[in-house]
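With these hints in hand, go ahead and build the complete structure from the sequences.
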Amino acid sequence: MNENQPKRILIVDDNAMAIDAIKSNVDWPKLGCDLAGTFSNAPELLDQLGQLAPDLIISDIRMPGMTGLELAKSVLAINPAIKIILVSAYDDFDYARQAIRVGVFDYVEKPIHFDYLSQVIAKAVEKIDQERLLLAEFTRNRQAMEQKFYLDLLNYMPAEGEYALASTAEYLDIPLACPQYLCFIVRILNAQQRQSVFGIQHYHVQLLNLIADVNQLFADCRLLRQVTIANQVVFFLGHDLALSQSLYQLALYRLTDFFNNHQDSPLAFAIGIGDEVPSFWQLPLSFNDAK
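Each residue of the sequence shown is one higher than the one before, starting from 1 at the first, in my numbering.
For the record, the hints were derived by calculation from the structure and aren't laboratory data.
Just so you know, not all the hints are guaranteed correct.
Stated by the list, open to error - With a Cα cut of at most 25 angstroms, we get these calculated SDA-like pairs of lysine to any residue:
id : residue 1 : residue 2
1  : Lys127    : Thr139
2  : Lys110    : Ser24
3  : Lys123    : Leu31
4  : Lys127    : Lys148
5  : Lys123    : Gly37
6  : Lys127    : Leu31
7  : Lys123    : Gln245
8  : Lys73     : Gln98
9  : Lys123    : Asp20
10 : Lys23     : Ala36
11 : Lys73     : Glu126
12 : Lys127    : Glu109
13 : Lys110    : Leu31
14 : Lys127    : Gln51
15 : Lys123    : Leu35
16 : Lys148    : Asp213
17 : Lys23     : Met66
18 : Lys123    : Gln143
19 : Lys23     : Phe114
20 : Lys291    : Lys110
21 : Lys123    : Arg101
22 : Lys110    : Val125
23 : Lys123    : Trp28
24 : Lys30     : Thr139
25 : Lys30     : Gln98
26 : Lys291    : Tyr248
27 : Lys127    : Gly50
As structure tokens, then:
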């Protein structure tokens, strides 16, 4: 989600006047927030948590049925990224301190000073933006790690690859237990010509469209990844469903049909399919057969 989008806020309190006071005394747009809903009890909020997808919840601590602390525990068990601000009376201090240990972002004492509440909300919004940037960076790094993993895999013999890459495969949650694997290669025959005429950017848009079409063909496969090497795209398949035919026969049938239906594609391409292999670590053998 874009960090510039308004943060979705929910308020829960069994006191309607308290909700109205928070609603009317906080400048939500200035804080980059959108008040997405208010609730008079915690269970009602929990029922709509998935639908409303809040970024921040402001909750009273003492409520009948389910307390704010119990709500916080339930919400954070579902989505730890949600920030929770609890509103507590002065004599709830020990209770509020316990809430901080649970993972609540902060607490505000009653009577509420709305300038201070606004400052706390602003800090929560800043924290949300920071965590989203970190998550985006982690996702980019993970994608780069996965690309390197598959490129490294192709340079190993099976036993060597398993020894060198097993821990990385576990970290990346690679499905290693499929009964059938294979590689196939889509080689772009007019890559240089398309780049010269239409430019690098337009060529890569066309290539990404082609990759997306191929991925759609094999959406039912447990393993479906690809890496680009110069003018060729190497696809890795793993299938764990009961098949009436081998994975090789399935790939041959689907890719033959795909090739015949893409004769008018702006990218001229050829496809090489490797033999199926019984182990993920034998995919380099299938790759070499597909070349």
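Hint by hint, here is what the structure shows:
1. For the hint linking Lys127 to Thr139, the alpha-carbon distance of about 18 angstroms falls within 25 angstroms, and the restraint holds.
2. Distance check on the hinted pair: Lys110 and Ser24 sit about 17 angstroms apart at the alpha-carbon level, within 25 angstroms; holds.
3. For the hint pairing Lys123 with Leu31, the CA-to-CA distance comes to about 10 angstroms; that is within 25 angstroms, so the pair holds.
4. For a cut-off of 25 angstroms, the pair hint linking Lys127 to Lys148 is broken: about 31 angstroms separates their Cα positions.
5. The straight-line distance between the Cα atoms of Lys123 and Gly37 is roughly 21 angstroms, inside the 25 angstroms bound, and the hint therefore holds.
6. A threshold of 25 angstroms between alpha carbons decides the hint, and for Lys127 with Leu31 the separation of about 13 angstroms falls inside it, so the pair holds.
7. Of the supplied pair hints, the one linking Lys123 and Gln245 is violated, its CA atoms being roughly 58 angstroms apart against a limit of 25 angstroms.
8. Straight-line distance between C-alpha atoms of Lys73 and Gln98 comes to about 11 angstroms, which keeps the hinted pair within the 25 angstroms bound.
9. Pair hint Lys123 plus Asp20 holds up; C-alpha atoms about 22 angstroms apart against a cutoff of 25 angstroms.
10. Using a Cα cut-off of 25 angstroms, the hinted pair Lys23 and Ala36 holds, with the two alpha carbons roughly 11 angstroms apart.
11. Restraint check for Lys73 and Glu126: the C-alpha separation of about 22 angstroms stays at or below 25 angstroms, so the hint holds.
12. For the hint pairing Lys127 with Glu109, the CA-to-CA distance comes to about 21 angstroms; that is within 25 angstroms, so the pair holds.
13. Pair hint Lys110 plus Leu31 holds up; C-alpha atoms about 21 angstroms apart against a cutoff of 25 angstroms.
14. Between Lys127 and Gln51 the alpha-carbon distance is near 23 angstroms, which keeps this suggested pair within the 25 angstroms criterion.
15. Between Lys123 and Leu35, the direct Cα distance comes to roughly 17 angstroms. Compliance with the 25 angstroms bound is thereby established for this hinted pair.
16. Only pairs whose Cα atoms come within 25 angstroms are accepted, and Lys148 paired with Asp213 is accepted, the gap being roughly 23 angstroms.
17. Under the criterion of a C-alpha separation no larger than 25 angstroms, the hint pairing Lys23 with Met66 is consistent with the structure, at around 22 angstroms.
18. Only pairs whose Cα atoms come within 25 angstroms are accepted, and Lys123 paired with Gln143 is rejected, the gap being roughly 30 angstroms.
19. Pair hint Lys23 plus Phe114 holds up; C-alpha atoms about 10 angstroms apart against a cutoff of 25 angstroms.
20. About 71 angstroms separates the Cα atoms of Lys291 and Lys110, which puts this hinted pair outside 25 angstroms; it is violated.
21. Restraint check for Lys123 and Arg101: the C-alpha separation of about 18 angstroms stays at or below 25 angstroms, so the hint holds.
22. Proposed proximity of Lys110 and Val125 is supported: the alpha carbons are some 22 angstroms apart, at most 25 angstroms.
23. For the hint linking Lys123 to Trp28, the alpha-carbon distance of about 13 angstroms falls within 25 angstroms, and the restraint holds.
24. Restraint check for Lys30 and Thr139: not satisfied, since their Cα atoms lie roughly 30 angstroms apart, outside the 25 angstroms limit.
25. Taking the CA atoms of Lys30 and Gln98, the gap is near 31 angstroms; set against the 25 angstroms cutoff, the hint is violated.
26. Of the pairs offered as hints, the one joining Lys291 and Tyr248 holds, with about 15 angstroms between alpha carbons and a cut-off of 25 angstroms not exceeded.
27. Between Lys127 and Gly50, the direct Cα distance comes to roughly 21 angstroms. Compliance with the 25 angstroms bound is thereby established for this hinted pair.
Of the numbered hints given earlier, the model fails hints 4, 7, 18, 20, 24 and 25; all others are met.
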